[in-house]
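These protein sequence lines are chains A and Z, in that order.
So for the first sequence, my numbering puts the first residue at 6; every next one is plus one.
So for the second sequence, my numbering puts the first residue at 82; every next one is plus one.
Please keep in mind that the hints were generated in silico from the structure rather than gathered at the bench.
As the structure is a computational prediction, the values presented were derived from the model and not from experiment.
Mixed in with the good hints there might be a few duds.
As the list claims (entries may be wrong) - Chain A is nowhere near these chain Z residues, computed Cβ spacing over 10 Å in every case:
| hint | residue |
| --- | --- |
| 1 | D91 |
| 2 | D97 |
| 3 | A101 |
| 4 | E155 |
| 5 | K188 |
| 6 | F190 |
| 7 | T332 |
| 8 | E336 |
| 9 | C399 |
| 10 | M412 |
| 11 | G416 |
What the hints assert, rightly or not - Below are the DSSO-like pairs computed for lysine-lysine, each with C-alpha atoms no more than 30 Å apart in a straight line:
| hint | chain 1 | residue 1 | chain 2 | residue 2 |
| --- | --- | --- | --- | --- |
| 12 | Z | K196 | A | K34 |
| 13 | A | K58 | Z | K333 |
| 14 | Z | K290 | A | K50 |
| 15 | A | K58 | Z | K176 |
| 16 | A | K55 | Z | K188 |
| 17 | Z | K188 | A | K115 |
| 18 | Z | K290 | Z | K318 |
As the list claims (entries may be wrong) - Estimated spans, in silico, between C-beta atoms of each pair:
| hint | chain 1 | residue 1 | chain 2 | residue 2 | range |
| --- | --- | --- | --- | --- | --- |
| 19 | Z | N151 | A | A13 | 45 to 51 Å |
| 20 | Z | V194 | A | S108 | 51 to 57 Å |
| 21 | Z | A221 | A | V31 | 45 to 51 Å |
| 22 | Z | K116 | A | G47 | 20 to 26 Å |
| 23 | A | S108 | Z | R153 | 42 to 48 Å |
| 24 | A | N43 | Z | Q219 | 56 to 62 Å |
| 25 | A | A13 | Z | V194 | 24 to 30 Å |
| 26 | Z | G158 | A | E121 | 32 to 38 Å |
No residue lacks a Cβ here, since even glycine has one placed at the ideal position from N, Cα and C.
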Amino acid sequence: MNLKECYASIGADYESVFLRMGSDSVICKFLFRYFDRNEYNGLEKAICEKRWKDAFIYAHNMKGFALNMSLTRLAGASSVLCEALRNGQPEDGVSGMLADVKSAYVITEKAVGNLERE
Amino acid sequence: MRKKILIVDDVDINRDLLRAILEEDYTVVEADNGKKALEIIYSMKEELAAVLLDLIMPEMDGFQVLEELNRRREIIGRVPVLIISGEASVEVENKCLELGISDFIGKPFNNMVVKKRVRNVVNFFDSKNLLEEKVAEQTAILREANITLKAQAEQLKKRNQEIIDLLGTVVEYRNLESGEHIQRVKGYTKILAECFMREYPEYSLTQDKINIIVSASALHDIGKITIPDSILQKPGKLTKDEYEYMKSHTTKGCELLDAIKSEWDEEYKKVSYEIIRHHHERYDGRGYPDGLSGEAIPIPAQLVSVADVYDALVNERCYKDAYSPDEAFKMITEGQCGVFSPKLMECFRKVRGDFEGLAAR
Chain A
6 MNLKECYASI GADYESVFLR MGSDSVICKF LFRYFDRNEY NGLEKAICEK RWKDAFIYAH
66 NMKGFALNMS LTRLAGASSV LCEALRNGQP EDGVSGMLAD VKSAYVITEK AVGNLERE
Chain Z
82 MRKKILIVDD VDINRDLLRA ILEEDYTVVE ADNGKKALEI IYSMKEELAA VLLDLIMPEM
142 DGFQVLEELN RRREIIGRVP VLIISGEASV EVENKCLELG ISDFIGKPFN NMVVKKRVRN
202 VVNFFDSKNL LEEKVAEQTA ILREANITLK AQAEQLKKRN QEIIDLLGTV VEYRNLESGE
262 HIQRVKGYTK ILAECFMREY PEYSLTQDKI NIIVSASALH DIGKITIPDS ILQKPGKLTK
322 DEYEYMKSHT TKGCELLDAI KSEWDEEYKK VSYEIIRHHH ERYDGRGYPD GLSGEAIPIP
382 AQLVSVADVY DALVNERCYK DAYSPDEAFK MITEGQCGVF SPKLMECFRK VRGDFEGLAA
442 R
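Construct all of the structure, not just a fragment, from the sequences and the given hints.
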């Protein structure tokens, strides 16, 4: 699967990321690096342990990366969670929001895993 | 030398994203939290061309970094800070701008746009810093020049004083007037002038001007060096011709002054000239050499004439005995020594005690 197909398969915005970053290889490099380290685990662990400030930073960083990479679904789900965690006291429904993030993360991770590595 | 850019972000991928954009043009330095960023900024401030700062970070966040930099205004004014953040609300952007940032770049960012906006800010600060350095340099030069000018003005003032002192010494050396007479006339002139300054501010006398008048009062009789001793020291009354000749000491004194070609401050020269020429003028126009009357007589001359007459009265001269201070006061205020300005007489009455104190020394 090439990058364009990968983005299409998860409803992400390839045109936008290509326009901003200018090269498939650069985009792929950062995608591989990000999903190789399983950032989601850190977020989930922080929420389970009620470390809300850490959880906010994880969610915030995930949102920033997803926005930059135009990973539309992951950016949307992590943004909702990020706002729920912003004030240090989580709003109701955090577990549902986390489930949405996980779903988007897993789908994206899988699609990136199917990308051809050079 | 390549310019240095500091990238501050807790996520290494984010730092690498920015590094990839900027390392073609700059040497990139990184910090993964606010505390490390401040250490680098403080140690490298002269070398840093810009700081790219994330807002949400553990340990010390971007807002805290900005607040700390604001406590040291010289840094935020010299090194531009650009925020790169996903916190793209108007409130956040506004808060950052109030804290002195140069630009706010939201996520997602376009690589080319980041590159250009960093370049613009760096160029702007380069010009601004260069201009400020030039202004500081010029200010230092001007300050230096001002110090030199002040020193020269002091030197000139000293030189003016030296000229007057030198001429005063000539008068004393010729034994025309005793040194004590000259010193006392200076003292009476000062007392009267300071009272006149207080009572009649409309005449715009200042302490500086008074100092010049007092110095120049030493020269009031300099013209007497041209008058022969046979007239000057004649014990009895002068003949009409002798008296006329004696009166010429006022105009001859001015000729002496004109002969001084040396650089001399105009004000010193003017005041000296007025005193030498007009210290025998009287308010009703019956004095000499020009018969000036009223306000036409320069104030310095009016002040010195009262001082001179008073001292002549209370001391013995070759042609007369000394009068008591009471008699002298009466003679002057009643117009027996010629008419003086009513305003001056008002002051003379007020400082009578001070005159008598000086006369008794």
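Results of checking the hints against the structure:
1. D91: Per Cβ check, D91 of chain Z is inside 10 Å of chain A; nearest 7 Å; violated.
2. D97: D97 of chain Z not clear of chain A: closest Cβ-Cβ about 7 Å, inside 10 Å.
3. A101: violated (6 Å)
4. E155: The claim holds: E155 of chain Z sits with its nearest Cβ about 31 Å from chain A, beyond 10 Å.
5. K188: violated (5 Å)
6. F190: violated (7 Å)
7. T332: holds (95 Å)
8. E336: At about 93 Å from chain A, E336 of chain Z clears the 10 Å cut-off, so the statement holds.
9. C399: holds (105 Å)
10. M412: holds (97 Å)
11. G416: holds (95 Å)
12. Z:K196 to A:K34: Holds, at about 20 Å.
13. A:K58 to Z:K333: Violated: K58 of chain A and K333 of chain Z sit about 98 Å apart, past 30 Å.
14. Z:K290 to A:K50: Given pair K290 of chain Z, K50 of chain A is violated - Cα atoms ~86 Å apart, limit 30 Å.
15. A:K58 to Z:K176: holds (21 Å)
16. A:K55 to Z:K188: holds (28 Å)
17. Z:K188 to A:K115: holds (24 Å)
18. Z:K290 to Z:K318: Violated, at roughly 37 Å.
19. Z:N151 to A:A13: 45 to 51 Å: Once the Cβ atoms are compared, 47 Å apart, the range 45 to 51 Å for A13 of chain A and N151 of chain Z holds.
20. Z:V194 to A:S108: 51 to 57 Å: With a Cβ separation near 32 Å, V194 of chain Z and S108 of chain A fall outside 51 to 57 Å, so the hint is violated.
21. Z:A221 to A:V31: 45 to 51 Å: holds (49 Å)
22. Z:K116 to A:G47: 20 to 26 Å: holds (21 Å)
23. A:S108 to Z:R153: 42 to 48 Å: holds (47 Å)
24. A:N43 to Z:Q219: 56 to 62 Å: With Cβ atoms ~60 Å apart, the hint holds.
25. A:A13 to Z:V194: 24 to 30 Å: The hint (24 to 30 Å, Cβ to Cβ) holds, given that A13 of chain A and V194 of chain Z are roughly 25 Å apart.
26. Z:G158 to A:E121: 32 to 38 Å: violated (50 Å)
In the structure shown, a violation is registered for the earlier hints numbered 1, 2, 3, 5, 6, 13, 14, 18, 20, 26, in ascending order.
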